[in-house]
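Number of protein chains: 2
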Amino acid sequence: MSRDFLYTEIANGIAGQIRSGVLKAGDRLPSVRVLCQQHGISMNTAKRVFWELEAQSLIETKPRSGYFVSRLPYRRLPLPEVSKPSPARNHKEPDELIRKVYSNMGRDDLTLFSLGAPSSTLLPLAKLNKEIVQATRELQGCGAEYELLQGNLKLRRMIASRSLAWGGNLMESDLVTTSGGMNALSFCMMALGKPGDTIAMESPCYPGSLQLAGSMGLKVLELPTHPVTGIEIDALKKAVPKIDLCLLVPNFNTPLGSCMPDENKKEVVALLARHGIPLIEDDIYGDLYFGPQRPKCCKSFDEDGTVLWCSAVSKTLAPGYRVGWIAPGRYKEQILKLKLVHAISSSAVTQEAVAGFLSSGRYDNHLRRLRLTLQGNYQHYVHAIAEYFPESTKTSRPQGGLALWVELDKTINTGELFDKAMKQKISIAPGRMFTLQDQFENCMRLSIGLPWSDEVRSKLKLLGKLMM
Amino acid sequence: MSRDFLYTEIANGIAGQIRSGVLKAGDRLPSVRVLCQQHGISMNTAKRVFWELEAQSLIETKPRSGYFVSRLPYRRLPLPEVSKPSPARNHKEPDELIRKVYSNMGRDDLTLFSLGAPSSTLLPLAKLNKEIVQATRELQGCGAEYELLQGNLKLRRMIASRSLAWGGNLMESDLVTTSGGMNALSFCMMALGKPGDTIAMESPCYPGSLQLAGSMGLKVLELPTHPVTGIEIDALKKAVPKIDLCLLVPNFNTPLGSCMPDENKKEVVALLARHGIPLIEDDIYGDLYFGPQRPKCCKSFDEDGTVLWCSAVSKTLAPGYRVGWIAPGRYKEQILKLKLVHAISSSAVTQEAVAGFLSSGRYDNHLRRLRLTLQGNYQHYVHAIAEYFPESTKTSRPQGGLALWVELDKTINTGELFDKAMKQKISIAPGRMFTLQDQFENCMRLSIGLPWSDEVRSKLKLLGKLMM
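As you go down the protein sequences, you meet chains Y and C in turn.
With the working numbering, letter number 73 in the first sequence gets 95, and the count goes up by one each step, no holes.
With the working numbering, letter number 402 in the second sequence gets 424, and the count goes up by one each step, no holes.
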């Protein structure tokens, strides 16, 4: 276990140097022997470091010469520009498109680039089953009874103690559990919005949030968003007089994978608090960072309790368990009442199982492995896209999470591409899904939550052909 | 198993004759030997029949004389009258009272007459745990993945096949699963109501439904309700022009335990369908019948798909599993969209476990035992109330379910009684909880879902003293 940790740490350090440009394309890396001496590690551990970096396509071997930093083709792929949603808000819900794409979920005859969660092959299924069995023992009879309204105590304790790592400093009493992440967002919107109110969001953003707001009669104001640093603060400042509520995904949001810098998070929290606007923070991807450490949250800078921090294990561990939570700050009483009225309580046994998994240390090991895989996938995808997609293709540079955002030539309509791709058993998520406006028609989201394989590579190649 | 079935059947037959008046108080029953001959059963089985009837206080032994029909004191307790909620609708939500009463849930130092679910000692906890373990095996990895939007297929099949017994004739494709019964009602109200709409309900009715409607901005129109036959059809007819939506609990609703006769169900369904008013039918107590067979539902008479039949295992099997469902008729697409938007999917493992339990035949055995216990409890409670409560006390005559409704002298305020009782470690559910109007202040609901014991009897005695 500790050896696992060691080689991951060292590999992450080198990966960070490559990404930040300290090590440049073509640079020679130290030999296995030198790495052993530098870090006081065994030959085997040193070799694993290099294998890991190779798996992520960050380095390449030259026979009899050693390891070199890859001449990364993704450097050639430009970033999409900051989005420019129209302030006129001429909405049209992409319901039909969403339905069409979602109806493919669970089909195992397709390559699901449209997937919004990690492939089940990346989840610790056997260990989770053991936790469920253990949970029925721990709970004895209580698993069949209504649980505490606020949710499983052990789970809340684990989430609270993990919040130290990102400056949340939560207590178990600050948390309310929910039936998954959507349920958390749904309670927050219900508690704070009324029909006709306006809610600000990133653009592009998660289709589920657009639909949720729509189903509750909220007006969505989409705001310009940078593919690396997230929502544009100036745009938010200007919008403040017009909005009642704000929903952000500051860490590795889908589809962009952007991460708001700490100073932006701090500024946004202060700005909204000053105007009495509650901030719903969806942090469901926060644990999937590719960098050296977990990013902070807006909640980390919340002095007045106006941030409702929401998360879940749906993107990291067990989508089907429906285990999520809210740290609702000053809105705790409203959230508790809504939970009582709409749900009474959450499912006891899955919460206990997740609590068990979190408390065992297995979660951190699993996350470490999952992050490396996603990071490696990202590199593989970008290599393949550089090779197979049209010259003019732009891609996001996700700093974590499960999504890669691809911007194609204006002449390519990804709604039409979807239909063509489906004939080849490929499902993509067209860009129009992620907005209420007529934009992103030449964009798409690709999931990097599938395990990389020659099959995936050849499907990307095929997808590229369909664009020509 | 089949012997269990046999003695229960025979005991139910005799119980039915007693309740219907074929056998009268003081009548002598056949001897053990005669019963053996009549039914071709063993002495042991015959004895169990009598023990069962005795446990329910339906019969009593006279030494060396045999078994006699009890001189049932509940015959002396009059029924409450049909409720007369004001059509003026001057609402005041009993939120504070509900919060006070609900905050006692889970406290094991209290006698919880306020309980809204069967005591966990009446649930098959060990068998449920085994089903959970089995479910993780059946699902293999899939338990951790997002499930089908419509819900677990095996569970929907089991519910569909059970619907034959009450004339539902549902198919698995007619059903959508939910995270418990409240979640089912919540989706139905969200799908069909908009703020400002009026929803008709029984009076008194389930506090959760009042709160749910309130939280969604619906106006509640409480209608006169008969303690035995449920909602008054004439009142509903008059209300029809004013309502947009109707929520009924036709079978053994809480707090009254009334059961609408089939002809009333049929008439209500036709009436509402004629006026285009959707009917949300909460059938969560339907399996807890004291009579010889499961009653039909409004859904049994639904020709146009305007009835949304909702139920769950929360009152019969496993409150904490949060497994419920809807047969939404013509509103299926709306319900599916809401489920997608607010929840994505339900928890897979608890659904699979319930499906396993239902498919094994264990559910019917469990239900048989539970019904006998509840029926016996009802008799015990009525005996004790006749003995210990003031002369003027009236009680409902539940035909199933978990609740007994008690009407006290007008001078007794059950809100005040609650405070007094709490000092004696007794929690009751004051009548004011079950209405938005100023009525039922001299009423209360007592749970018959606690296992009967000398402790329970003495607490009822104490409760009676507090009224004097």
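Since the hints were made in silico from the structure, they are not lab data.
Just so you know, not all the hints are guaranteed correct.
Since the list can't tell identical chains apart, any single copy or any two copies may satisfy a pair.
The calculated lysine-lysine pairs, modelled on DSSO-like cross-linking and capped at a C-alpha distance of 27 angstroms, are [said to hold, decoys possible]: (1) K259 with K216; (2) K46 with K69; (3) K241 with K216; (4) K359 with K216.
Only a predicted model underlies this, so the values are computations on that prediction, with no experimental measurement involved.
Against the structure, the hints:
1. For the homomeric pair K259 and K216, the shortest alpha-carbon distance inside one copy (22 angstroms) is at most 27 angstroms, but the shortest distance between copies (33 angstroms) is not.
2. Taking the closest pair of Cα atoms, K46 and K69 come within 27 angstroms of each other only inside a single copy of the chain (21 angstroms); across copies the shortest separation is 89 angstroms, beyond that limit.
3. Taking the shortest Cα distances, K241 and K216 sit within 27 angstroms of each other both inside one copy (10 angstroms) and across copies (16 angstroms).
4. Proximity of K359 and K216 under a CA criterion of 27 angstroms is satisfied in both settings, with 16 angstroms inside one chain copy and 20 angstroms between copies.
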